[in-house]
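A.B. asks: Residue strings, one per chain:
2 protein chains.
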Amino acid sequence: MKTYLECIPCFFKQALEAARLSGVSGKTQKKVLDEVALCIPGFPFTSSPPEMARIIYGVIKKTTGNGDPYLKIKEESNKLALSVYPRLKKKVEHSRDSLLTAVELAIAGNIIDYGVKNTLNVEEELKRILDKEDKVIRKENKSIFNYKSFRSALKRSNTILYLADNAGEVVFDRILIEEIKETHRDKKIIYAVKEKPVINDALREDAVSAGIGEKTTIISSGVDTPGTVLSLCSKKFLKIFKRADMVISKGQGNFEALSDCKRPVFFLFMAKCPVIAKDVKCGLGDVILLYKNKRIKKEYRSRLNGSPGE
Amino acid sequence: MKTYLECIPCFFKQALEAARLSGVSGKTQKKVLDEVALCIPGFPFTSSPPEMARIIYGVIKKTTGNGDPYLKIKEESNKLALSVYPRLKKKVEHSRDSLLTAVELAIAGNIIDYGVKNTLNVEEELKRILDKEDKVIRKENKSIFNYKSFRSALKRSNTILYLADNAGEVVFDRILIEEIKETHRDKKIIYAVKEKPVINDALREDAVSAGIGEKTTIISSGVDTPGTVLSLCSKKFLKIFKRADMVISKGQGNFEALSDCKRPVFFLFMAKCPVIAKDVKCGLGDVILLYKNKRIKKEYRSRLNGSPGE
Chain A
218 MKTYLECIPC FFKQALEAAR LSGVSGKTQK KVLDEVALCI PGFPFTSSPP EMARIIYGVI
278 KKTTGNGDPY LKIKEESNKL ALSVYPRLKK KVEHSRDSLL TAVELAIAGN IIDYGVKNTL
338 NVEEELKRIL DKEDKVIRKE NKSIFNYKSF RSALKRSNTI LYLADNAGEV VFDRILIEEI
398 KETHRDKKII YAVKEKPVIN DALREDAVSA GIGEKTTIIS SGVDTPGTVL SLCSKKFLKI
458 FKRADMVISK GQGNFEALSD CKRPVFFLFM AKCPVIAKDV KCGLGDVILL YKNKRIKKEY
518 RSRLNGSPGE
Chain B
218 MKTYLECIPC FFKQALEAAR LSGVSGKTQK KVLDEVALCI PGFPFTSSPP EMARIIYGVI
278 KKTTGNGDPY LKIKEESNKL ALSVYPRLKK KVEHSRDSLL TAVELAIAGN IIDYGVKNTL
338 NVEEELKRIL DKEDKVIRKE NKSIFNYKSF RSALKRSNTI LYLADNAGEV VFDRILIEEI
398 KETHRDKKII YAVKEKPVIN DALREDAVSA GIGEKTTIIS SGVDTPGTVL SLCSKKFLKI
458 FKRADMVISK GQGNFEALSD CKRPVFFLFM AKCPVIAKDV KCGLGDVILL YKNKRIKKEY
518 RSRLNGSPGE
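Just so you know, the protein sequences line up as chains A and B, in that order.
For what it's worth, this note's numbering labels the leading residue of the first sequence as 218, then goes sequentially.
For what it's worth, this note's numbering labels the leading residue of the second sequence as 218, then goes sequentially.
Bear in mind the hints are in silico, worked out from the structure with no lab data behind them.
In this text, all values refer to a predicted model and were calculated from it rather than measured experimentally.
Since no wrong hints were added, every one of them can be taken at face value.
Here's a subset of chain A near chain B, in silico, CB distances under 10 Å, partners left out:
| hint | residue |
| --- | --- |
| 1 | L222 |
| 2 | P226 |
| 3 | C227 |
| 4 | F229 |
| 5 | A232 |
| 6 | L233 |
| 7 | Q246 |
| 8 | K247 |
Where is the CB? At the ideal position from N, CA and C, for every residue including glycine.
Please work from the sequences and hints to get the whole structure.
C.D. replies: Written out as structure tokens, the structure reads:
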């Protein structure tokens, strides 16, 4: 997804928030905004928002000297999510369609990220999700929800690459990963995190503390962008990305970075930003399971239609 | 009120909106944002937001060639507000405390401005206000509401200066002005509008089309800032501002410009911006009638305590 002009006010909002979390003075916070302002005229608007965000977070690191302003928030998010893990498990166990519930919860976990960046009370929101009877997400919020394609791709795939989004949310990913492993023991699941801190994106330590490592191989994508920008990924990661039978991509950042990539991807996220909602053609706040497969290269198409990988 | 760092993202949001309303290409819209970005490092943060906004709207005018991008919106707002005028009048007439209802409606009219700048459905919101039984505004939204001081100042004052806010809202101001004139025929009311177009601020033609002129003298403050910035006002206006027995200031922009001024002012506005809500120490969306009189100069104090001006 390209960067829209509406993203510019948001870049400043994010920069100010990160500068404040860095604990610097008002004067230095202003300096961060001044430096970001000077970057704007040179921004290539054909790039995706995560590529721009990388420049901005580079400015923040350089100006404040703090390379990981969200560290404490990430730790708190992990703790909060782990505290509801037993209830999430129970919810999946008692569900009529356990895979569907696990998928819904994995997307609902994205609310933690929204809470970090907004005034939303995450604990109350999680309580609301957990108190719901059977269905986790209301039907009207699922404008794009390609669940059938997801379920059938899962059956066919041996190697699944799962792109992590944020800290805290990783616990919700674990729920889905465990559900997949429960019914498909032979599947190989690779969980990709970011290489270096950027915003509240999940790193290896977040995945480990969430208990992801027990069932899954954790790798790094090699990037420090809030989204898996392929041109910046490591060669090792790109090989896995290319060869995986199925890619599950979590969060808006990964959607922004990969929505135009030339392989099929299942995007799971909450449309929390009006620009993304407009791009995807869905409502703000919608729970999205979007299967992008229009630009599939031949090699993938053959695999999807019943290749040896089935 | 000084400008806060949180105002910067908002300046970009406003600049983009105005650039779009100017009807220019995406390339020119980007140029507007680039030019605004270049202004940021030089911004004096001791100035009020309307002073900054003046610089920004200057950039928009220079870059797009359109000096009044909100013209059509202003005309539509006036039309919409005039269409509900008879119902507003009836509401005041049937009220137990007609002055209170007129004050509440004058503040509620500020919702038109909010609708212009956000996605709110103004017509529905106005319907909600008009459908309310007797009380227009719920009590819990009136955290700061110095109505008694307002009522008694009104009784004591001969000359009242009323600072207009936006187009459309002027019709709601007319309701309050007519109510004052109804019970205090001898009062002289002066209604001050902006000299030149800036955002959707009311100009002389808006006041005239709202029917303000029938009961009131319309003057210009001399400014093209979205708020009455005294250092930029005309000498004629400043004389009136200084000598008036009572000043009624409408809207956030006028509060931002005048909150630190050295004369008593009654500020009537809806706290639609989180920065202002924080500054005033009220909730977002609150209906505010704030009497600022802490920095009153001697000459005003004597008048308030029963001078020949009573």
